Structures are given as C-alpha cells and as structure tokens.
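K.L.:
Listed below are the residues making up each chain.
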Amino acid sequence: MSYKLEQSKSAGWTRLLACAIVVSVAIQSSCARADNAEDFFEQRIRPMLLEKCIECHGPTKQENGVRLDRRTDVLEGKAGDVPLINVAAPEESRLLKVLHYAEEDTQMPPSGKLENAQIEYVREWIKGGAVWPATSDLEDEARRRSERWREHWAFIPPVMPDLSAVPKDENPIDYFIKSRLGSKNLARSSPAPPRILVRRLSFALLGLPPELSDLAAADTAASNGTLAAWKAEYIDRLLASPHFGERWGRYWLDISRYADTKGYVFMEERDYPDAWRFREWVIKAINADMPYDEFLKRQLSADRMPGSDDPAQLAAMGYLTLGRRFLNNPHDIIDDRIDVVTRGMLGLTATCARCHDHKFDPIPTADYYSLYGVFASSDEPKNEPSTLRLVDRPNPVEPVIFQRGSPGNRGDQVPRRFLTALSAPDSPKFTDGSGRLELANSIASRSNPLTSRVAVNRIWMHLFDRGLVDNPSDFGVRTDPPTHPEVLDYLALSFMDQQWSVKSLIRQIVSSDTWQQSSARRTDAEAVDPENRLLARMNRMRLDFEAQRDAVLQVSGKLDPTIGGTSVDITTDLQSGRRTIYARIDRQNFPGLFRTFDVASPDATAARRFQTTVPQQALFQMNSPFIMNHAGEIAQTTAAAQNIADPAPRVRLLFESVLRREPTPAEIVDAADFIKQMTAAHEISDGPSGWSYGYGTMDGPQQTVTAFSPFPILKDGTWKGGDKLPDEKIGWAFLSRLGGHPGRTMSLCAIRRWTADRDCRVFLNSVLVHAQEQGDGVRLRIVSPGRGVMSDVTANNSTQSAFVETFEIKAGEHIDFVVDCRTNESYDSFKSAIIVTQFTGGKDQRVWRSQADFRDVADAGQLDVWSQLAQTLLLTNEFVFVD
Amino acid sequence: MQTPEFQSIPSPVAIGRRGMLTRCGMGFGSLALGGLLNSASSQSAFGSESTNPMLPKAAQFPSKIKHVIHLFMNGGPSQVDTFDPKPELQRRGGQTISDGNLKTERPTGALFPSPYRFHRYGQSGIEVSELFPNVAQHVDDMAIIRSMHADVPNHEPSLLLMNCGEARLVRPSMGSWLTYGLGTENQNLPAFVAMCPGGYPIQESQNWQSGFLPGVFQGTYVDTKHVEIEKLIENIRNDRVTPQDQSLQLQLLQTLNKRHLAERPGDSQLESRIQSFELAFRMQTQATDAFDISREPKHIRDMYGDGVQARQILIARRLVERGVRFVQVWHGEGQPWDSHDDIEVNHRRLAKQCDQAIGALLTDLKQRGLLDETLVIWGGEFGRTPVVELPKKGSNEGKINGRDHNHWGFTMWMAGGGVRGGYVHGATDEFGFKAVEKKVHVHDLHATILKLIGFDHEKFTYRYAGRDFRLTDVHGTVVEELIA
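First to last, the sequence lines map onto chains A and B.
Numbering-wise, the first sequence is residues 39 to 921 according to the working numbering.
Numbering-wise, the second sequence is residues 3 to 486 according to the working numbering.
No false leads were slipped in.
FRET-style restraints, in silico, Cβ to Cβ: (1) Arg261(B) / Asp562(A): 19 to 27 angstroms; (2) Asp304(B) / Pro748(A): 41 to 49 angstroms; (3) Arg516(A) / Asp344(B): 52 to 60 angstroms.
Treat the hints as calculated values from the structure; they're not laboratory data.
Predicted model only: the values in this text are computed from it and were never measured.
Glycine included, C-beta positions come from ideal geometry on N, C-alpha and C.
Put together the whole structure using the sequences plus the hints.
P.N.:
Structure (structure tokens):
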C-alpha cells in the first residue's frame, strides 16, 4: 500500500537518484562566466551530472534506459519518445522539464529540486548548443565514484597491527589506548580501588551485585599483595558462573528482538509457546562459550548442522522465527528476518534496499532479493517438536526483484547469493537448498570483514558503555571509523584466532588496566576529550533495567538462582524471584514498565539501548509494590539487630545488605535521625491507617465492636473467609469494592474499618443499598470505641444514607462501619459507599472513599520505618550506578 | 503535601530544538554528557536535560499550536450521515450505481440514502447532519475535509496508516513524533496520553507506538472506564507510605545522593536522576489532580454531560490545559463506529454519546483562550459506503441497513489554532463514495498537521537503520488551503 504512491509518482522515465552522494554543489553566482562553451560544460554541467544524476543514470545503472555519463547517450538519447536534449527547441527538452519539476509523475532529481541557478545553467547550456567536449566522458569518473565504498574502513579486511613494540607483559589493549592518550599528553587513571573493581566486575559479567565475601577477599588480597592473582581467579570464577549466560544472553536477546508473542494477530494464537526455548539455547550456548561463528551459524541453519534432530539445538533458529508476524504477510516476515540477520550479525542496514538501492552503502536491490530468495525458500514446518525451526523447501524460490518493494511489480530475476559487496567478484550463487547454510557460512567467516569486528565492538560497548565504533549495528559508509582502529582490528583478529571465544575476549578486556582504571573525574582530560573517547578514565555506568531489578532481588535474598525455564510475567507476578531475563515480553502490548526503563523494543534488532531519565522511573522506585515488598524483605533480614536505644547496628546491617559497604559516620547519623523522626511520627499513629476489612461482633449493650478479625483471604477482589463462599466458619460474610454480605449472626457482622493516620477532624457520609424484595434487609451502624453508635440505618429493598457531623479523632483511632443481617442472612447482599472527609487543619483535606480506595492487593500494609529506610537505600544513585 | 524542600526546584530549562534533536537522534543522552561536563556552572539546571528527552523544545518554525486533541472515532463513521450531505444519494435511494460499486471490504448493493436530515449552521452555512447538533454550532471554527482517502478498506492497516503513516511496518505514531519534536510543557504529566474506555481499539497499543523512537515517546494508555487514579497511571499512588513519610524518605535520599555526587562531581547522569525524584514527587499530586474531573465546577461538568465520553473529553481539556502535548481520545474498545448494520440506530447512539461533549470541548477551549493553541482533529480511520452492505452469513445476516468500510472517500475535520474556520475542503462524488475534488490522502493530512504545528514534514526526520525516516515516509503534500 505504502509503496503504491511512490510507484505512481515515479512512473516516468527514471527515478530515485536519491542515492546521490549528497555533496551539495555550491553554485556561486559571483563566479565569472566560463569563457567558452567547453569550459561552461566542464564547470557548470559536468559536476552537476556527476553529483546528482549518474548514480542512477550512469555506467552501473540506467534507470528507464537513460544514461547521462556519455556524450552520445545524452545528445541523442530519449526519455520515452521525447529527446532528452532538443537544441532546436530547448524548452522542449525532456531533461529541462523534469528538472523544473514541471511534470506530475517525473521530477528529477527525486531527492530535491536543483537550485534555480543550476537549472538556468542547463537551459543556457542547451540553448548554447549543448556543447559536450568529445574528450569529456564522465564514465570513468562515474565508475570511480560508484566504487568509492571500497575504501570505507569497514569493508577493508582487518589487519593485525604491529605488536612488536608491545612489551611482553603488557595487554595490547593497554598499549594502544596508552599510545593515543600519550599523543594528547594524557595518561590513564590510577587503578580503581579493589571493592569498586569487584562490584564493577560482578555487574559487568553477571549483572548482579558482588558477594560480601568477595569484597572482603579483595581487601585482604590487596593488603597482602596478592591482588593481581586474586583478580584473575575472580574473573575466571565469574566467567564460569552460570549467571554469566543470563547477563550476556540478554544482550543477544536485544539483538534478536526476542518476544514471547507474535504481535498483532487476528483470530490466531498470540503466543509463541516455545519462545523461551530460544532464550534457553542462547544462555546455554554463551555459558558453554560456544564459538561465536558456530553460535551464528546455528541460529541461521541449525537444521543443517550436527544435532539437527535435537529440538533443543533447533531452538537456535528462533533468531529467525520469533519476529513480528505482520498478520502473516510473508514479505514483511522475510523483511524482518533480513533485517535481523544483516543488522544483527553484519552491522549492515539492508532493508532500505527492499524498495531501492541503498542510498549510501553498496547494497543494491538485487542483493536484498537474493537474500529474500533464501528466506522465501525456507519454511516453518507445522506440527513439529520444535516450532522454532526452519527447513529448506524442496524446490527453492528463484527470486525476482519486486520493483519499489511491490510484489505485484516483478523485475529481473536474481540468484540466491550473499551480498555482492562482501563477496569476491566471481563468487558462486547459492545452490545448497535454500542457501541458508551457505549464507550462514558467508557471515560466520574469517574472510568477512564485518562479522568479527561487529561482535567485538559490541562486547567492548557493553563493557565500556560506548563502542569503539559508535553505531553498533551500522558499519556502513556513513559511520565514522573506530576511535582506536588498531584495537578493533587487533581484537577482531585475535577473537577469531582464539576460536571465536567470547569468554576469552571478555577476559582479555576486563583484565586490561584500561578497563580496571578508576572512573573518577579527570578535569585535565575533559578539556581535550570531553566525551572520554580516549578512555583516560573508566566510564560510570547506570545499571540497565534487568540489572536493577535483579540487584533488588539479590539484596533482598529473594533471587531465584534457577537457570533457564519458561517466561514469567513479572509485571503481575510480584512474588517471582526469577531473574529479569525470564520476563515474558509481549511484543504487541509492551508493558509500560519496560518502556519506562528503556528495555529494548522487541520489534527490531537493537544492539544498544536508549538511556533516558524520566520521572516515571522514580515513580516505580517510590511506589511500586515490587520495590516496597522487597524493601520489607530486606528490613526483615536485619530485624535481629533491632535495638530501640541505638539504631546504629541495624543501620549498619542495612547498608551492608543493600549497598554492600559500611555506612560512614555521617550516614549513620542521617539514617538514625530518619529512624527517630519517623518513629516519633509513627508513635502518634501507630498501627495501620486507612481501610481494613474484617468481621466481628457488634455488642448491643456495649454499643461498640467487641471483636474484630480481618478477613483471612483476598480473592477475585473480595475479602472473605475462605476460597469458597459460604465459608465453613464465617459463612457468607465478605466485603468487596462496592459492597458485601454480612454473616449469619451478630458475631459475624461485615465490618469496614477506617483508622486515622493522624490527629484530625472527620466528616462521615455513607450510603447503604439493599435491592432485594425478599429477606428482611440489612443494618448499618457507624460506631467508634469512644463515641459508641453514631448512626444506625436499615435498608430493606431501599437506599439509606447516613451522616455523622464533623468530630475529632486521634491518630490510630478507628471508626467501624458495621453491617449486620438483622434476623436472618437470606438475601442480604448489599452495596455501600462511604466517604470520610478528613481535615487536618489549614487547607489540608483528604477524602477517603471506600470504593475508590478499596484495597484489592493482599500484601498491602503500611511500610514500617525500617522498610522505608531500606527502600530509600534501594533508591540511591549509588545502588544503580557502577563506578 | 509539598514540603518546602520540593517547592524550590527550578523548572526545567528549555533548550534549542536542534541541540535536543541531535541528542534524541543519537538516542543516547550520555553522548551529550561530555559537552555538559564543561558547563559546571549550571549543573542543576542542565542536569536532567542531557537525559530527559521530554523537556520542551521549539518547533522548526513558529506556530501557535501547543497541543493536539485527536478525537478518534474508531470503526469508521459514515460521512454521508454526518458532515457530507449528498442530495443525489437521497434522490436515487434504492437505485444501483450504473458503473458498479467501488470495491470495499464486503459486497455492497444499491444506494442507501441517509436516514438523517442536514441543516445549515453558522455564518458559513455549512451543512451538518442532525447527529451532531452541538458540534455543528462550531462550524465557523472548523475546516471540514470532505475529500479524505486512504489505501485499503480494512481496519488494521487503516488505523496504522492514520496513526503512524504506514499501514503495516512498525513506525512511530504521530503523537510520538510530536513529543519527540516538541517535548512537553509539563514534566509532571505524561507528554502523550491515549485514552480509550473499556480496553484497546483494534491494533491495540500499536496505534500509539513509538516505533524506533525511544520508548519514552510512546503514548501512555489510560483506560477511562476507570475513575480511580491508580488505575489510570502506573505507580502514581502509594497506599503504604504516607506523603509525609515519603517526603522524609526523599529528604534522606537526596542527602545521600548529594553526598555521593559531591564525590563524583560533574556527572550529569547522577544529577538528572536526583532531579527525577523531585519531579516524580510532584507528579503524584499533579497527575491525580489532572484526571479528577470532580474538581471541575458543576456548570462545566453539566456542559460536557454524562457518561464516559463526556468524562474523557473533559479530561482531555484538563490535560492540554496543564501542558500535555498530545491527547488522543478513542471512542471505545474495538471498533464502535463500525456500523455494518443498523446504522441508523447505531450511529445515532454513538453520536449521542459524544456530540454534546465535543461541542462543549470546543466551547470550553474557546472560552479559556485555549482553542488558539490547541488543534482538535476529528475522524475515523476511514468512512463508510453510500451503498448498502449486503447481508452476509455469520455477520449481518438478515439485515440490509448498514454500510461497509470506505477508504475511497471520507470526512475529517479540524478546528483550533491555525485552522481555516468555516471552510469545506474538497468533495466526494455525487453519492459520497469517492473523493474526487482536491483529494487529501492521509499522508497529506499528516503533512498539513505537521505544518500547522511548525514542522516541515520532509525535514522532520529521525535516522534509524541507515535511513532518515519521516511521519510521511516519502509522501505527503501540505494542503495550504486548510491553514488560516
């Protein structure tokens, strides 16, 4: 659809230069007029043709049969039936017309109309007889330009830099980084202190906070001079941890636009029930340090590799098959797969070539359809043990170019083969089935200049926060060379030399002095290198969403260390201690929580996440049940250290649990003050405040509630006695948002209790509805221990209101809204609404509404002072940033 | 509930759009960090700027419009029954069109006259059907586009086209583009709010997706069926920590954070996170207030009327009044305006639900001087056929009284800042089937909306996957006649 318009607009004789290497030709009107016609051509016309036209109308392409690089083709050429140049009637020249954008369909160049001055030159040139010197062919120049991309750094195979000057005991990374710093008269920072380094390593490799024992061990090692050996051992231990695969697997899930659902579907199952098996495969492969070339190959063609009868291995192909389904439009599904392969594995953007040749990179439309053919020749078999796999069709598709991306507009046939720019000129086309295996071999190949570099750069980026190349999935001609080309090439080549071992690569980087240096500010370096591209210090990094949530789980002792398994909806299952990588990801309705915290969109491959700071993140930290529940857990674990007289011991324990360090004296003072202040405030209003829901005895003679028990169960939005109604013990008694039901006796009244959170005055207003003809109705009494019954109404197939004029109440005191069954409990469902208007002096007023405030979350309860302190520590910058 | 500590926070500092777009364009706030490290002088003011992409920015050229309210009549309202009267259709009811019917989603039959009467309104004398008597009072402020057209007669692609400018692939919605380009004026509320009572429309939250733009630009969905604030905005309320306690918590937090920062001077990431807590604390009260229409005086609530449409349209006004950039108001879950049968009853019911409130919205905005700076857009994803839909087994069996989807021609209207009022643009054919005069494609509408708001749709781009993307892709022509 969207291509339709484009198509009709360009139905004329040519189209989309677009591809122009856009160097704007500055026409300086002050320039002296060319002396003669030949000079005029050379100065005014030739540069314009080269810049604006020849890419689509030159030696490589002749859109609509028009060619503008050779004299005779221009002077004698036609567009349709109309001569390009008509010297006799210059205004009739088709060239001039399209430059003027005079025609509806054909407007050249399509990227934007030329400046008037330029068009005037063309007119003048035609009027002057369209003089084109016989010696001035543009062809060679045009060819040279079309080959310019070959000089782009990323397309040149990596070259091992000269390592002869690197001292034996120096990490080449450090050598090269130091050299560049030295050239700016800068030096690396001092090593990070041991504890900071331990924390950095733990988060970088596992995505989890360090163990207290390791922090202590690092200190010991530093004091007895064995730190270097201890670090090496620690790094090896982290690399061997099964949690390593969870941390680094998540990065790959971003690349593979992982989700548990298909996106928008119509009358079809929404879920990919086996999506998690792909995640499982990724984690295992990374933990096993599967060579990266094999890692890639299996994801494209596990069906053709050893283990092809093992569903666990075939799940690797989820990389291709777990994309959005686009209502099962096959062209869009294939487009998504081409994108995840080209950007995800090669760092090249190829999908623009679906409609036209890539504007900048050497990826012609033909290449896109060569890949299209590969995927169009791969089917997803139905009713298989592994729903993630692809198999080759018996008769592979011979692809044709869909002009402007429109399947109805078939162009030339193209072979299934690899990208031409990355292949030798005489490379054979794919002949083995769909060609998927050959494609995999071409990507995961030593001779591919991109694959290894792209991988190395991303790993570097995750470790340093910034890649050597700034565009982790676009190594095309518009991307600047790496900040340290020697480092990138050295690592890319040694990565392949070490059997594409990701763990070895990571070990080499995190063992470097460069990575282990301090992140403290360097004002001297900022002047020269404000973005710290030269790495005179380490970058301070914020934990991503996964690491933040996992860290909360870890420090609260609730982390479930199980590796692997099915997905869990962490937005609703607040009890789950599963690591965040196991979160169910619904592609269609991507949870707000994930968006808020910059989790990668599951719609397209993403090598790098956005990093935003918005108040919704803070709201989650301050108010979400997840954070508060875990703050409560942390406080619980420190309860043993409680000492009314001296809060310091428990403060110490809390700091140790959450921040993994001793508090400073100033921090102990601040935290102790907080506890004191808060406790004082709470003493006035100890106990719960707001609404609670229970049943109990309304004692007539005493005019008050003499027994109150909270309902034990909250289910389906109803507080009640047990899973089923009526409950064995308390019968039909229950309370819900809109009303409830009393029990059968005066000792089973349904009681909504409101407790004051502070000293205040309140005004009470309530409505009771009994809407049944049968039965004898229900009675509502509003009572408080101090004031007895303040209101007493009965509703029997009617609606009754009850008010209580403003009165004073102390913090912690309560008011009961008691509903009883009168003489029998038949037909006693009721509805009720209660409004407590609370005045606390001045303008402060708060309205409590029984319906709007109804608490249908079971674990809700006021957070105690210590839990609040624990929560505050979870909120600190220290908790979410890594020095 | 504000403590003195939190009242003294400086308001965010606006910065040039160019700088902001560069940052957003690169997408990584931290990239801007280096430059900011040097400007140590105004750390707190600049702190959140580097990583908060929501700070207000100027458009490419001056525009009065600061807000957009998009009233989305999902399902597709019928133009010949609302804003596009067709005497020839009335005259020739029951006859067949000699050249045959244009192809739409389902089989259609003879010409089916509108059951409603049209009247002239305002100085412009524009005709509006009896379905929208209150909206009609405002025709002199409205530009009615009777020559809209889209690409296909199906809900899914048409919804995506109308919202994101692309029928199938994942692209940012118009609201996301605008918040990306303009940020928002009130940091205490979401910048882009999509309201739909009862659940999602067809195509669900993709209608307000941010596509390849950062996730923060996605619309915040609000189910206006609810009245409780905590069901409207995630984590806006805390029942377990009182506001007093929370302010003590935040005081301690900021003490710890500032000490931490003092040891790490010049790091604007740390600074902006400190500020985000202060913003969030204020957001709790302000957002609660914004969604609480009980704070409106009675005469205003009466003016909008009863029901969920009235409530959400009044909320829309409260939101733009508070600086929210883009508010999309969906009529309801699924596709309420999709009257394949019983159109007379159904369209009457649907219009009755929203006419009074939409009329009130325009009156209210005008009275408050907000109409000049608010663009109001009304319409569906397409219109309906002037010919009757033929009964089909399993859907509208036994009925011949509805209309099929129609992408060939339909009506939308705009009102407010910068729009040419009292103006009818373009026309459909004699029966109201196909746009024939001054046709306006959805891409053209997008280009025009962007122009009204201050953007050149060809230059308002975002680089992604090697390409500079636009809301209008490679299409769109600004319809200058719609602009006052």
